[in-house]
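A.B. asks: One-letter residues, chain by chain:
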Amino acid sequence: MNLCLVEHLDGVATDASLQAFTLAAGLGGETHALVIGPGGAEVAATIPAAVVYVAEHDALDAFAPDAWAAILCAMPSRTGVTAIVAPGSARATDAMARAAVRLGEPLAANCISATPGNPLLLTRIRWGGSLLEEARLHTDCALLTVVPHTLPAVAPGSPGAVERFTPELADADLVVRVRERVAPPAGGVSLTDAKVVVTGGRGVGSAEGFVVVEELAGLLGGAVGCSRAVTMSGWRPHTDQVGQTGNKIAPEIYIACGVSGATQHIAGAKGAKRILAVNTDPEAPIMSVADYAVVGDLHEVLPAISAELRRRRG
Amino acid sequence: MKALVCVKRVPMTGGRIVLTDDEQAIETKHLGFAISPHEECGVEEAVRLVEAHGGESVVLTLGPPDAEEQLRDAMAIGADRGIHLVTDGEEWDPEATAGAIVAAVIADETASGPFDLILFGNESADSGGFQTGLRVAYALGRPCATGLKAVAVGDGSFRCEQEEGGGRNVYELPLPAVVTVLEGLNLPRYPSVPGRMRAGRKPLEASTPERPASRLERARLVVPAGESKQAEILGHGADAASAVVDLLEQIGVTS
Ligand SMILES: Cc1cc2nc3c(=O)[nH]c(=O)nc-3n(C[C@H](O)[C@H](O)[C@H](O)COP(=O)(O)OP(=O)(O)OC[C@H]3O[C@@H](n4cnc5c(N)ncnc54)[C@H](O)[C@@H]3O)c2cc1C
Ligand SMILES: Nc1ncnc2c1ncn2[C@@H]1O[C@H](COP(=O)(O)O)[C@@H](O)[C@H]1O
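Those protein sequence lines, which keep their order, are chains A and B.
With my numbering as the guide, the letters of the first sequence map in order to residues 1 to 314.
With my numbering as the guide, the letters of the second sequence map in order to residues 1 to 255.
These are computed hints drawn from the structure, not numbers from a lab.
None of the values given here were measured: they were computed from a predicted structure.
No residue lacks a Cβ here, since even glycine has one placed at the ideal position from N, Cα and C.
Honestly, I wouldn't trust all of these hints.
Derived DSS-like pairs: lysine-lysine, alpha-carbon spacing no greater than 27 Å straight-line [as the list claims (entries may be wrong)]: (1) A:K195 x A:K248; (2) A:K273 x B:K29; (3) A:K195 x A:K273; (4) A:K248 x A:K273; (5) A:K270 x A:K248; (6) A:K270 x B:K202; (7) B:K29 x B:K229; (8) B:K202 x A:K248; (9) B:K202 x A:K195; (10) B:K229 x A:K195; (11) A:K270 x B:K229; (12) A:K270 x A:K195.
These stretches of chain B come out as covered by chain A in the derived footprint (C-beta under 8 Å, 3 or more residues) [as the list claims (entries may be wrong)]: (13) 47-60; (14) 68-79; (15) 91-97; (16) 103-117; (17) 165-174; (18) 178-187; (19) 197-211.
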């Protein structure tokens, strides 16, 4: 039997959780699901698991990772579980790592596939997806997290049964707990949701140089991104950074200007449908990951694109 | 304030990853080495905390003899001393790594007092296990918050922040604590020339732990397929503008 941790937001199971469910179901046997916190019962009704467990407790209004781990470890049907699968979100990964320590088990983070058996054969990502690792996991209870956006989500459906329970939580499980929530700032296109992202790299040359990047992004209703070379130079804030240690983006088109195409940068743009590179160097590594390219100085190319967009709009 | 920060030496791959013939590692013959940007921010934060509150910052790595380079880099930025758990270069899994770090922490605390704060990267740059910091925290019985973008030590309080869904989650932890941090926490300084000179003379303690067997056994590494294509050249310089706008219209992102 497998157990899948299902996260939910505003009463709806997250896509990443339903993708993790697909991997769990592929391991064979019954798949059970666990939903934690307020709103869990409504969410449970949409998950096609044999049994959906809903953990309810007053202390679960605010996220408390040790409490989540305690619940994962003390599930009513824990004894029969041979795999616990969770989405690779920050929250679920944190809770799974804590559960792994409590259970004395290894944790395989960021898997993209798993073949049942003991050892379990799995493929997980390294370097933010620039490299894959095939591994054997030797354990009776495998703990896995699943990379978001690589597997199809399971279609919503009715569960076989829903079982609500109140977990026992120790004071120590509530020491680390969200005390305060600061709401997101209003307005603007977020980098992670934008349909068009125009990024400037070191080739932009200065903070002021970004006006040509901002202009094009503005005309296309898109967001501005940057490379780490730019962040480190203090030209843009880290919140604009795309890459392994920055934002993971998934636009219709990614316009990367003055960016060489280091694997750690491209790791953040794997979700992009198309990449257009603007670079003075026709041999730059980005030329072999981009779909389209313009060879030239971005300070000439970008204003010309913006002017052409304006001209056609009349 | 006594702060410890744990860093891992990793190769700096460029535009393409090349594997060794046995597919067990990255071919590093022509590569430089670094630590994860998350860990760089951890080093910077540890140094700043000690600058603000007094005390001592210590940097630790488990890695091959050459990983001394990463310890010296951290000392050039301001870490006061280093702990090197020397390996033969074989990769250690997170359970094993955490075990060795815990033993080193306990030994250091016995000799020179407890660490108020132990900082980790949220995930290592190469293997991305997302767990070493938590394993150490549990073994030491200390609270741990992960993926932090802000930390502030006040009078008897420790406030830290995580970004989530565009907003922020605020935690307050008792000290001593363990944290895992993300790039963006601060803007790390570049080492100065005198900083580099001083780093060479700072104390470094080395020991050689035993590597236990791993239950997460690597079979081989694989470079993902479809990484290599040849971009279609739409044009050169400003003359390409018209072809680019044609493409944008075709995709339907111009209105
Ligand atoms: C563990 C780790 C994690 C990392 N995470 C990230 C990350 O999240 N994001 C990230 O971006 N990087 C990351 N990096 C850094 C990465 O390896 C590169 O150093 C970085 O992406 C380089 O930025 P760049 O392409 O802007 O600069 P460069 O590599 O210097 O490239 C500049 C490019 O601009 C071109 N150019 C110059 N002038 C012009 C002009 N006028 N017009 C057009 N083109 C021009 C040049 O031909 C060149 O190709 C990470 C590194 C490590 C080791
Ligand atoms: N070999 C190592 N030596 C020192 N610290 C390490 C080592 N491996 C991992 N760490 C620390 O643990 C963090 C998380 O690693 P991981 O669990 O592999 O993602 C890293 O960012 C480092 O701070």
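A.B. asks: Take the hints in turn and mark each one as holding or not.
C.D. replies: Hint check:
| no. | hint | result |
| --- | --- | --- |
| 1 | A:K195 x A:K248 | holds, 13 Å |
| 2 | A:K273 x B:K29 | violated, 34 Å |
| 3 | A:K195 x A:K273 | holds, 10 Å |
| 4 | A:K248 x A:K273 | holds, 13 Å |
| 5 | A:K270 x A:K248 | holds, 8 Å |
| 6 | A:K270 x B:K202 | violated, 42 Å |
| 7 | B:K29 x B:K229 | holds, 25 Å |
| 8 | B:K202 x A:K248 | violated, 39 Å |
| 9 | B:K202 x A:K195 | violated, 50 Å |
| 10 | B:K229 x A:K195 | holds, 23 Å |
| 11 | A:K270 x B:K229 | holds, 14 Å |
| 12 | A:K270 x A:K195 | holds, 14 Å |
| 13 | 47-60 | violated (count 0) |
| 14 | 68-79 | violated (count 0) |
| 15 | 91-97 | holds (count 3) |
| 16 | 103-117 | violated (count 0) |
| 17 | 165-174 | holds (count 10) |
| 18 | 178-187 | holds (count 4) |
| 19 | 197-211 | violated (count 0) |
Hints 2, 6, 8, 9, 13, 14, 16 and 19 from the earlier list are contradicted by this structure; the remaining hints agree with it.
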